[in-house]
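Start from chain A and add chain B according to the hints.
The lines below spell out each chain.
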Amino acid sequence: MRAGPAAAGLAGLAVLLAATEGVVAAGWVSALVVPLPTDVAVATVELMTSGQLGDALATTLYEAAAASFAASVLGIAAGYALFRYTALGRAYESWFAALFAAPIVLLYPLFLVVFGRSATTIIVMGVVTGVAPIILNTLRGLVEVPRRLVDVGRAANCSPAQLFWKVQFPAAAPTVFTGIRLGIIYTLVNVIGIEFLINFGGLGNLVSATYDRFDVPGMYAAILFIVLLSALFFVALGAVETRIRPT
Amino acid sequence: MIAARLDPRAQFIRLGTVVALLAAWEALARARILYADVVPTLEAIAVALVRLVASAEFYHSLAITALEVGAGIVIAAATGVAAGILFGARRFLGRAVEPYVVALATTPKIIFLPIVMLMVGIGVESKTALGALSGFFPIAISTMAGMREVRRVHIQVGRSFNCSAAQMVRLIYLPALVGPILTGLRLGLGVTLIGVLLAEIKIAKAGLGFLAQDLYSRFQIPDLYALLIVVFVIAVLINEAMTAAGRRLDPAGARR
Chain A
172 MRAGPAAAGL AGLAVLLAAT EGVVAAGWVS ALVVPLPTDV AVATVELMTS GQLGDALATT
232 LYEAAAASFA ASVLGIAAGY ALFRYTALGR AYESWFAALF AAPIVLLYPL FLVVFGRSAT
292 TIIVMGVVTG VAPIILNTLR GLVEVPRRLV DVGRAANCSP AQLFWKVQFP AAAPTVFTGI
352 RLGIIYTLVN VIGIEFLINF GGLGNLVSAT YDRFDVPGMY AAILFIVLLS ALFFVALGAV
412 ETRIRPT
Chain B
45 MIAARLDPRA QFIRLGTVVA LLAAWEALAR ARILYADVVP TLEAIAVALV RLVASAEFYH
105 SLAITALEVG AGIVIAAATG VAAGILFGAR RFLGRAVEPY VVALATTPKI IFLPIVMLMV
165 GIGVESKTAL GALSGFFPIA ISTMAGMREV RRVHIQVGRS FNCSAAQMVR LIYLPALVGP
225 ILTGLRLGLG VTLIGVLLAE IKIAKAGLGF LAQDLYSRFQ IPDLYALLIV VFVIAVLINE
285 AMTAAGRRLD PAGARR
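Line order of the protein sequences matches chains A and B.
Sequential numbering of the first sequence, starting at 172, is according to my numbering.
Sequential numbering of the second sequence, starting at 45, is according to my numbering.
Pulled out of the complex, with its shape left as it was, chain A reads as follows (with noise of 0.2 Å):
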């Protein structure tokens, strides 16, 4: 991206950060709705500090990235499967699809009545809310193969085994990883939902328990680092999609 804009919506973010410190300082708008920005500032350095946010951090990550990693297992052997057979693709590839549109995440009280208020609700839930882009990318991948490379294999005399990893998985895999990076993006968004859902766990909890105990300033600085490092993980991962994928 060119400097220009950049610049300009940073601009744009200060001013508006300035203008809401004048008018909360000015009485115009209660502190009790929307903090002063110095506030959430100091408030952060306060969960920092306090170490409540690494906590948090720390728990909403490894549920993430349990939730994720099953989530990427479960969905790749289930592709590979729905490629490998393909009467099985034709039967539930629409099935997958039409799970990947639905609200999924509606469910997690039924899985409140299974697992309890437990991080275990969280990650099958992220796991399940995440595993539909995964099953349908490496589906599609794989199908995409081009003909020929799986031609060569089979003339090099390639086992099943063979002609799968040295050929058709390296082939599928900028695919693949796209549906990994939705499924991982999902898994994030629903385990911190849930979090905030069933008062339970990492950042979610957080600004759950600083609204409960009416730490605005508090409330305020967990929800923007929520949204930086949904922020970052998007970024983070897009960055890793271009860099694998062949041009």
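No wet-lab data here; the hints were simulated from the structure.
A couple of the hints might just be wrong.
To be verified - Computed footprint of chain A on chain B, listed as stretches where at least three residues anywhere in the stretch have a Cβ under 8 Å from a Cβ of chain A: (1) 54-66; (2) 145-152; (3) 239-246; (4) 250-260; (5) 271-280.
Backbone N, C-alpha and C fix where the C-beta goes; we use that ideal spot for every residue, glycine too.
This is chain B only, laid out in the frame that chain A set:
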């Protein structure tokens, strides 16, 4: 609908899967491996489903949720399309704000619920506001992307006729944006519904989400399953209807 195009073998697999899943569910329910009705029998769920759709409470909750979702999507559509056209037409402004829009679009919207509640209280307004906030991003982003596809010739024709900004929007941009806006509305309606329901589950006094929370806290599990089935069916029907509307109103863009 899709089943008609499937070959017999795939249809057989689908039918077999459904039967196997239902049988496994029933076996699990009857074996009582999981304690206290976590997995109720199919019969219990069916009975609860009938009880639910025959209850006045359900329609009352449905009406509240429909009102919140409807008001939310209208606000999201108006602001999202306006923001999309503005950021798309003013390239410099668009590039300046795009990173922030994208960053906010990826975050879980439900965590903004406390801020919304501080601003407008915990009533119907807060659910509408969260629904609008959720729906805004897909609509704005889809409209913004659509603005890049508007043909330059059309824009130049508008300019050479000295169209005012309002005329440009009405005569040039909006007709070219039917497809992207419909796509945005379909995605937006989905997330608005999720936003409203999650907000209702968290804190509310009425609505389908509140009903779900209420059933959960009273441990009426078959009724909870029945309610979630109905909510799911509604969500799928809305998605199908929006897809069908998209195909009718914008046949060329149906494959986008």
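Going down the list of hints, with the structure as the test:
As drawn, the segment 54-66 of chain B meets chain A at 5 residues by the rule of a beta-carbon pair under 8 Å; at three or more, the given contact holds. Proximity of the segment 145-152 of chain B to chain A, defined as three or more residues with a beta carbon under 8 Å from a beta carbon of that chain, is established by the 6 residues found. Residue count for the segment 239-246 of chain B with a Cβ under 8 Å from a Cβ of chain A: 4. That meets the three needed, and the coverage hint holds. Counting residues of the segment 250-260 of chain B whose beta carbon lies closer than 8 Å to any beta carbon of chain A gives 3, which reaches the threshold of three, so the coverage claim holds.
Coverage of the segment 271-280 of chain B by chain A holds in this model, with 5 residues showing a Cβ closer than 8 Å to a Cβ of that chain against a need of three.
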